[in-house]
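Asker: If you want the building blocks of each chain, they are given just below.
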Amino acid sequence: MKLVRAQAVALRQFYLMKGSPVRILPLFAWVLLDILLWGFITKYLNSFAASGFSFVPGLVGAVLLWDFLTRAMHGLAVGFLEDVWSRNFLNIFASPLSISEYLCGLIATSVVTSCASLLAMLALAALAFGYSISILGLMAFPFVLVLFVFGVSLGIIASGLVLRLGPAGEWLVWPIPAVLAPFAGVFYPVSTLPAWMQPLSWALPPAWVFEGVRAIAAGKPVPLPDLAAATGLAAFWLLVACALFAWIFRVVVRTGLIARYSAETVN
Amino acid sequence: MQLSKPVLQAENLRKVYAGRPAVDGISFFVSSGEIVGLVGPNGAGKTTTISMILGVLAPDAGSIHIGGLDLAHNRAAALSRTNFAAVYAPLPGNLTVQENLRVFGMLYATPNLSARIDEAIAEFDLERFRRTRCGVLSSGEQTRVSLAKAMLNEPALLLLDEPTASLDPSTARDIRARIRAFAAKGRGGVLWTSHNMPEVESMCDRLLFLSQGRILLEGDPKSLAARNGHASLEDLFVAVANA
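Residue numbers (my numbering), protein chains in the order written: chain W, 1 to 267; chain U, 1001 to 1243.
Hints are computed from structural coordinates only; laboratory data are not their basis.
Virtual Cβ for every residue (Gly too), placed ideally from N, Cα, C.
Check the hints yourself; a few may be wrong.
Listed below are several chain U residues computed to face chain W (Cβ distance under 8 Å; list not exhaustive) [claimed, not checked]: (1) L1057; (2) L1079; (3) F1104; (4) L1107; (5) Y1108; (6) Q1212; (7) L1216.
From the derived model, a few chain W residues whose C-beta atoms are all more than 12 Å from chain U [unchecked claim]: (8) W30; (9) F40; (10) L45; (11) G58; (12) F89; (13) A116; (14) A178; (15) P225; (16) L238; (17) C242; (18) G256.
So here's chain W without its partners, still in its complex pose (with noise of 0.2 Å):
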C-alpha cells in the first residue's frame, strides 16, 4: 500500500470542497437543523419534567450522535459518489490504485468532514442548550469513535451498493440511517423494542453506544462491558464492509461493469 495514493484520493476530495461552497454548506447546514429542532423538543419536554430533570443529555446528545454517524457514513459516500457524478471509474481504477488504498482515502475525507460537523454540532448544542459533551467523561472517546467506525463501514457498504448497481442505486444510500435508526435504539432503550428487533438492534455497535450513553446520563456506572460490544461489533462491521466492497469490485472488473459504467453512458 502508497500512502499518496491514499493522500490522491483525499486531496481530490479537498480540491472539491475548496471549490466548491455548495460541497460544504450540507457539512453543517443539516446537523445544525437538527440540534436547534430537538434542542427546541427537549426545552419544551423539558417544562413539563420534574423539577431538576433535564431531557438535554438524553435526546440533544442522542441526536447530535447519531447525526455524527451519519455524516460520517456520508462523508465517505459522498466522497464515491464524486466519481460517480463526473463519470471517473475508469480513470482511476484503471490506475495502479488499489481497494485499499481507495478505502482508506474515502475514510480520510470522512474524518475531516464528519469531525467538522461534529465540531460545530457541539457549538450549538453548548450555546444554545447547554448540552456538553464532557457528562460522558473519558467515555465520549471511544463512544464517537465507535460511531465512527460505524458510520464509515455503511458509506463503504452503501458505495458497494452504488458500484454493484450502477449509478442509480445512489437511491438506495440515503435511507440507510433513516432506515437504522429505529434499530439503533438512538432516542430509547433496546428493551422497548418488540422481541423479533432486539436481536438485530444487539447486532449494531450504535444501539450499545446509545444505551451507554443514557446510562451514564442517568448517572449509573460506565458501562464497561457496552463499550467492550459496541468496539468489537464496530471493529466486525468495518472488516464486513471492506471484504465486501472487494468482492463487489472483483465482480465489477469480472463482468465488465466497471469499464462500461462510464463507455456505455456516452453511447
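With the hints as your guide, set chain U onto chain W.
Answerer: Frame of chain W; chain U shown alone:
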C-alpha cells in the same frame, strides 16, 4: 517481428459476454518505441481488449504482461507502468487542469511530480488553462489534458482509445505529433485504436485488424492493404468489416 523487449505481451486473451465471445483468444505484443494500431469495425473487441489491459475487465482466459509483470497477480505494479487516454473517459470536469494532473500524478506515484506537471503543461501548451476547470475546456483542450495525464508518469505502455476522435484536423495533427514524439523517445510503446485509416497508416508501425474478437490481419500499415489485394487501408477495413 519483435524488435525489442515487449512492454505489452497479451497471450490467448478471451472474454465472453452472454455466451458470445467479444474477444476470442487473441495474442499480440507491443515493443518499446513502437506504435501499434488496433483497428476493426464497431463491436470487433477493441475496447474490450483495451479494458482488459487496463485491468478494469478480467479476461476469462489468457494473460497480460506489462513490462514483464503479470497484470493478474501484480496489478498495482503492472498498472503503474501504463497510462491511457480515451474519448469516453474525460478527466473530472470539476477539477482544474493542475489539480487533475496532481491527483493522477499521485495515483501513479510519479516521482518529482511538481516538475513533471510543469513539463506536461508546457509540452501540451496548457499553461493558460492551468487553473481552469477541465469541464469548461473545448474537446481539443480536454484531449490535450487527458494526454498530459496519460504521459505524466512516462509510461512504458501508453493506451490510446480513439485519441483524435471529435477533434478538428489541426488539433488532431498536433496531437498526433505529440504521440509520435512520445514513441520516438523509445522509452515506451503505444497501443492505439482508431477508425481513421489514413491516420493509422501514417502513425502506426504495425497494425492489428480485429474482427469478431479475432485478429484477422497483422502487418505494416503501409503495405498491408496491397498485400491483401486492396487499394487502401480503408478498402481493406470495409472488406474486413463485411466479411
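Asker: Could you run down the list of hints and mark each one as holding or not?
Answerer: For each hint, the structure was consulted:
1. Interface hint status for L1057 of chain U: upheld, as the beta-carbon distance to the closest one in chain W is roughly 5 Å, under 8 Å.
2. Interface hint at L1079 of chain U: satisfied, since its Cβ lies 4 Å from the closest Cβ of chain W, which is below the 8 Å cut-off.
3. Hint status for F1104 of chain U: holds, given a least beta-carbon distance of 7 Å to chain W, under 8 Å.
4. Annotation: L1107 of chain U was flagged as interfacial toward chain W, and the flag holds, the nearest CB pair being 4 Å apart, inside 8 Å.
5. For Y1108 of chain U, the suggested interface contact is upheld, since its CB lies about 6 Å from the closest CB of chain W, less than 8 Å.
6. Using the Cβ-Cβ criterion of 8 Å, the hint placing Q1212 of chain U at the interface with chain W is not satisfied: the shortest such distance is roughly 18 Å.
7. Look at L1216 of chain U: its Cβ only gets to about 23 Å from chain W, farther than 8 Å, so that hint breaks.
8. With a least CB separation of 22 Å from chain U, W30 of chain W remains clear of the 12 Å interface cut-off, as annotated.
9. The claim that F40 of chain W is not at the interface with chain U holds, since no C-beta of that chain comes within 12 Å of its own (minimum 37 Å).
10. Every CB of chain U is more than 12 Å from the CB of L45 of chain W (nearest about 44 Å), matching its label as outside the interface.
11. Here G58 of chain W stays apart from chain U, with its beta-carbon at least about 42 Å from theirs, past the 12 Å limit.
12. For F89 of chain W, the shortest C-beta to C-beta distance to chain U comes to about 8 Å, within the 12 Å cut-off, and the non-interface label is violated.
13. Non-interface call for A116 of chain W relative to chain U: holds, since the shortest CB-CB distance, roughly 21 Å, exceeds 12 Å.
14. Listed as outside the interface, A178 of chain W is consistent with that label: its C-beta sits roughly 29 Å from the nearest C-beta of chain U, beyond the 12 Å cut-off.
15. Its beta-carbon lying about 42 Å from the closest one in chain U, P225 of chain W satisfies the requirement of being farther than 12 Å from that chain.
16. Interface exclusion of L238 of chain W from chain U stands, the closest Cβ pair being 22 Å apart, more than 12 Å.
17. Every beta carbon of chain U lies more than 12 Å from that of C242 of chain W, the smallest distance being close to 17 Å; the non-interface claim holds.
18. For G256 of chain W, the non-interface assignment is contradicted: its Cβ lies about 5 Å from the closest Cβ of chain U, within the 12 Å cut-off.
Checked against the numbered hints listed earlier, the structure breaks hints 6, 7, 12, 18; every other hint is satisfied.
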